[in-house]
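**Student:** Chains as they are written, first to last, in UniProt numbering: chain A, 1 to 581; chain B, 1 to 332.
Please keep in mind that the hints were generated in silico from the structure rather than gathered at the bench.
No experiment lies behind these values; they were computed from the predicted model shown.
All residues carry an ideal CB built from backbone N, CA and C; glycine is no exception.
Among the hints, a few may not be true.
[Unchecked claim] Part of the chain B face toward chain A, derived, beta carbon under 10 Å:
{"#": "1", "residue": "Arg139"}
{"#": "2", "residue": "Ser164"}
{"#": "3", "residue": "Val165"}
{"#": "4", "residue": "Leu166"}
{"#": "5", "residue": "Asn169"}
{"#": "6", "residue": "Arg172"}
{"#": "7", "residue": "Gln173"}
{"#": "8", "residue": "Gly182"}
{"#": "9", "residue": "Glu323"}
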Amino acid sequence: CARDRRPGQGQRAGRARQDTRPAARAPGRGEGQAAPAQRGAEKEGAGARSRAGRSPPRPLWSPPRPSPRPAPPLGPGPAAPPLGDVTGQASRRHFESRVACPCRRRRRPCRSCRRHCWRRRESGEAPRVKSTILLTGAGGGNDIQWCFSQVKGAVDDDVAEADIISTVEFNHSGELLATGDKGGRVVIFQQEQENKIQSHSRGEYNVYSTFQSHEPEFDYLKSLEIEEKINKIRWLPQKNAAQFLLSTNDKTIKLWKISERDKRPEGYNLKEEDGRYRDPTTVTTLRVPVFRPMDLMVEASPRRIFANAHTYHINSISINSDYETYLSADDLRINLWHLEITDRSFNIVDIKPANMEELTEVITAAEFHPNSCNTFVYSSSKGTIRLCDMRASALCDRHSKLFEEPEDPSNRSFFSEIISSISDVKFSHSGRYMMTRDYLSVKIWDLNMENRPVETYQVHEYLRSKLCSLYENDCIFDKFECCWNGSDSVVMTGSYNNFFRMFDRNTKRDITLEASRENNKPRTVLKPRKVCASGKRKKDEISVDSLDFNKKILHTAWHPKENIIAVATTNNLYIFQDKVN
Amino acid sequence: MIWRGTFSLFFVFFFNFFFQRLFIFGTERETEHERGRGRERGRHRIGNRLQALSHQPRARHGARTHRPRDRDLAEVGRLTDCATQAPHPSRCLKRVPGVAVLQGRMFARGLKRKSSEDAEDADGGVAGLPAAPSYTLQRQSLLDMSLVKLQLCHMLVEPNLCRSVLIANTVRQIQEEMTQDGTWRVVAPQAAGRAPLDRLVSTEILCRSGREQEGEGDCPLPDPAPGQAPRRPQSSPWGLDGSREGRGGFQKSLDHIFETLENKTPGSVEELFSDVDSSYYDLDAVLTGMVGGAPTGPGLPAFAPTAAAPPSSTCRSDLGELEHTVEILVET
Numbered sequence: 001c002a003r004d005r006r007p008g009q010g011q012r013a014g015r016a017r018q019d020t021r022p023a024a025r026a027p028g029r030g031e032g033q034a035a036p037a038q039r040g041a042e043k044e045g046a047g048a049r050s051r052a053g054r055s056p057p058r059p060l061w062s063p064p065r066p067s068p069r070p071a072p073p074l075g076p077g078p079a080a081p082p083l084g085d086v087t088g089q090a091s092r093r094h095f096e097s098r099v100a101c102p103c104r105r106r107r108r109p110c111r112s113c114r115r116h117c118w119r120r121r122e123s124g125e126a127p128r129v130k131s132t133i134l135l136t137g138a139g140g141g142n143d144i145q146w147c148f149s150q151v152k153g154a155v156d157d158d159v160a161e162a163d164i165i166s167t168v169e170f171n172h173s174g175e176l177l178a179t180g181d182k183g184g185r186v187v188i189f190q191q192e193q194e195n196k197i198q199s200h201s202r203g204e205y206n207v208y209s210t211f212q213s214h215e216p217e218f219d220y221l222k223s224l225e226i227e228e229k230i231n232k233i234r235w236l237p238q239k240n241a242a243q244f245l246l247s248t249n250d251k252t253i254k255l256w257k258i259s260e261r262d263k264r265p266e267g268y269n270l271k272e273e274d275g276r277y278r279d280p281t282t283v284t285t286l287r288v289p290v291f292r293p294m295d296l297m298v299e300a301s302p303r304r305i306f307a308n309a310h311t312y313h314i315n316s317i318s319i320n321s322d323y324e325t326y327l328s329a330d331d332l333r334i335n336l337w338h339l340e341i342t343d344r345s346f347n348i349v350d351i352k353p354a355n356m357e358e359l360t361e362v363i364t365a366a367e368f369h370p371n372s373c374n375t376f377v378y379s380s381s382k383g384t385i386r387l388c389d390m391r392a393s394a395l396c397d398r399h400s401k402l403f404e405e406p407e408d409p410s411n412r413s414f415f416s417e418i419i420s421s422i423s424d425v426k427f428s429h430s431g432r433y434m435m436t437r438d439y440l441s442v443k444i445w446d447l448n449m450e451n452r453p454v455e456t457y458q459v460h461e462y463l464r465s466k467l468c469s470l471y472e473n474d475c476i477f478d479k480f481e482c483c484w485n486g487s488d489s490v491v492m493t494g495s496y497n498n499f500f501r502m503f504d505r506n507t508k509r510d511i512t513l514e515a516s517r518e519n520n521k522p523r524t525v526l527k528p529r530k531v532c533a534s535g536k537r538k539k540d541e542i543s544v545d546s547l548d549f550n551k552k553i554l555h556t557a558w559h560p561k562e563n564i565i566a567v568a569t570t571n572n573l574y575i576f577q578d579k580v581n
Numbered sequence: 001m002i003w004r005g006t007f008s009l010f011f012v013f014f015f016n017f018f019f020q021r022l023f024i025f026g027t028e029r030e031t032e033h034e035r036g037r038g039r040e041r042g043r044h045r046i047g048n049r050l051q052a053l054s055h056q057p058r059a060r061h062g063a064r065t066h067r068p069r070d071r072d073l074a075e076v077g078r079l080t081d082c083a084t085q086a087p088h089p090s091r092c093l094k095r096v097p098g099v100a101v102l103q104g105r106m107f108a109r110g111l112k113r114k115s116s117e118d119a120e121d122a123d124g125g126v127a128g129l130p131a132a133p134s135y136t137l138q139r140q141s142l143l144d145m146s147l148v149k150l151q152l153c154h155m156l157v158e159p160n161l162c163r164s165v166l167i168a169n170t171v172r173q174i175q176e177e178m179t180q181d182g183t184w185r186v187v188a189p190q191a192a193g194r195a196p197l198d199r200l201v202s203t204e205i206l207c208r209s210g211r212e213q214e215g216e217g218d219c220p221l222p223d224p225a226p227g228q229a230p231r232r233p234q235s236s237p238w239g240l241d242g243s244r245e246g247r248g249g250f251q252k253s254l255d256h257i258f259e260t261l262e263n264k265t266p267g268s269v270e271e272l273f274s275d276v277d278s279s280y281y282d283l284d285a286v287l288t289g290m291v292g293g294a295p296t297g298p299g300l301p302a303f304a305p306t307a308a309a310p311p312s313s314t315c316r317s318d319l320g321e322l323e324h325t326v327e328i329l330v331e332t
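Can you make the complete structure from the sequences, with help from the hints?
**Tutor:** Rendered as structure tokens:
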């Protein structure tokens, strides 16, 4: 190890070593920022070492390796850091063969690990890592103990239909959380700046802005009412002091600018402070208006309105990675818009048959690839996902890839098609995987493999025998959403009875939690729940028949960087975060 | 001109009709206070009530929905019994290749069914233990339920295309199975005089689909007479021979649903204009509350009471008339 030879320069050598293998690392993650000059200087010293220990070149995007450590026990266990092998063996190994650092923060040994490692190796102790790294990097919904943080919304059980939350979305930094409801309102919460004194919890989310995004309309030509329910909200990345978001109802998309104002000009010559105009003859002296601080005011103004482009109901919008264009998908068509141009859009997908009687398939969700600005996917009601490349043709009716899993003949019933209809599709942050949610399961697909998903997680398999009743009370048509966590290691989705489920991709464990007002004391650790499918009901388990199918969690969101989740029940928004010691 | 003279009167009737329409919408709501909530938005609402409040207290046990027929109630109850008592997915609604397997059990409630189905299913009225109903019965009740859902979908203010498509695909799947099993009855076309016109049309389509026997996609059926189509889905599940009409009727209901869900073409707008006479008559009929009565009034042109088109009870026809009126007024 270079550090052994030159312990004083261990850090720099390590950083330069990272840069000598640019092709084998995931782009855009910003792991090593050493200047190129350093790279040249250190290469001789580190080159031999790196060549000797280099593992075969990795593919461009490779998932984090499953850790070889034993799986930790599920549920509230001892608060030991789940590092597994904390003897010197791991630290020795990661010098020699460059496996993932035990702190799991990076594939290359991270700075803190290395610094600790060599020091500890000399003194024979285990590498010590800070607790924050433990929580964010350890991954796994099961290593994390989720505690209640906040709940927003009315307390009473009488649900006003206009308050039903219809979408939840964090912005790119995670500081803002936007929710849309059926009444056309958008409520934005802002995270309080972390209080260094109270380090036991991350910042709370408080209301930042509320505005009415869409109004109910009436389509006179078709004699149809257009609901003002907000179907989707998508944030744009922040470029200046203002925030921008796109919100859509069934027919119209609006670009909103949310800006703060905390100063106001005072000292006009011709106007009084309250706005009345002064008589010019009474003006004797002139003064220059100055800005004085005022109470913070958050204003939301619609900057663009994109209307009249969709015949059917818009079900999803997705912003391109070039941050200039976005797509909007309705049941049969997908349109591509430019954020600056409101009177024109390009139709890129059209699956409407010439004869409407032959209609058997509709588009249910669409999303742009997070890194490639020319790739997008759309899912259909038949359980297929099509990936299209906009470079191939102007109208992307012919897919580039078709992701479809062959049907399992043993599970076939009359409802097979309905439950295979995909309700949500989400790309992972890395861009290699995508996740789809159909009625009973969550499937994770590798973009390179089309014939079957790489992982399948059953969300509520106990409902498979109840499909007939669910068809009758229309619950089978519920559209659940799903989300990734920031590091793409855990996926989360909702279920009935205010349950939501998390699946850890690395440890293959899952956990069921409930969003209810019973545990609403702050920092109450959530207890995992279990639903028993058949017969014998153990203590603390809930039988399938006593599930409340009106309490469903359709919309969830995960903070892009931290372990904070927002879960929307019918009219309440619950915010949970992991337990910080 | 007559137009100018009657313009003010049409305005009066228009606004009357508009307020009437509010009232009609009002009756559709479940509770009175919903009306107030709608009004404060400046918009009267017909919410999607199907899966909302009416199901809430009972959905937990998969209980029955509002059904006009006792037969359906019983069937639905049986389905849920099947679901809860026989949790094996292999026993519930499993597609059995070839012959429909008779479970050898009888109805729990001993309902009378059509003799053709009786021969397949039960043997006699001995009410045995509540057991898993036969596959054909399940399939039939599922078909009926889907047809009802399709109708209700169609009558919603905001029709959900995805839902309609999924239900329609389910119905098609059942139809294909029934065709393959041979239980799809192909009815010989009856004489035009005996049967009502709508049934004739439905059997014609029934024959055609039976003859062509397409595997997957539907043969594009000609659009039935628009006057008949709205009546068809409403009458299909009612009555004892409802299922027979239902099989023919669902094709038309499918077609009609998809036709109305898409954008109205200019051609159909012309059709609306061509119907302007009878629509005015209907307008008056609704306003005066008389069916078939000739409206009297000095300024009204003499609309002779034509064949008494039944006053449309559904809101969609009302909306259609309102639309006619609006078009006329805008044009003038």
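**Student:** Give a verdict on every hint.
**Tutor:** A quick look at each hint next to the structure:
| no. | hint | result |
| --- | --- | --- |
| 1 | Arg139 | 7 Å, holds |
| 2 | Ser164 | 9 Å, holds |
| 3 | Val165 | 5 Å, holds |
| 4 | Leu166 | 5 Å, holds |
| 5 | Asn169 | 6 Å, holds |
| 6 | Arg172 | 8 Å, holds |
| 7 | Gln173 | 6 Å, holds |
| 8 | Gly182 | 19 Å, violated |
| 9 | Glu323 | 5 Å, holds |
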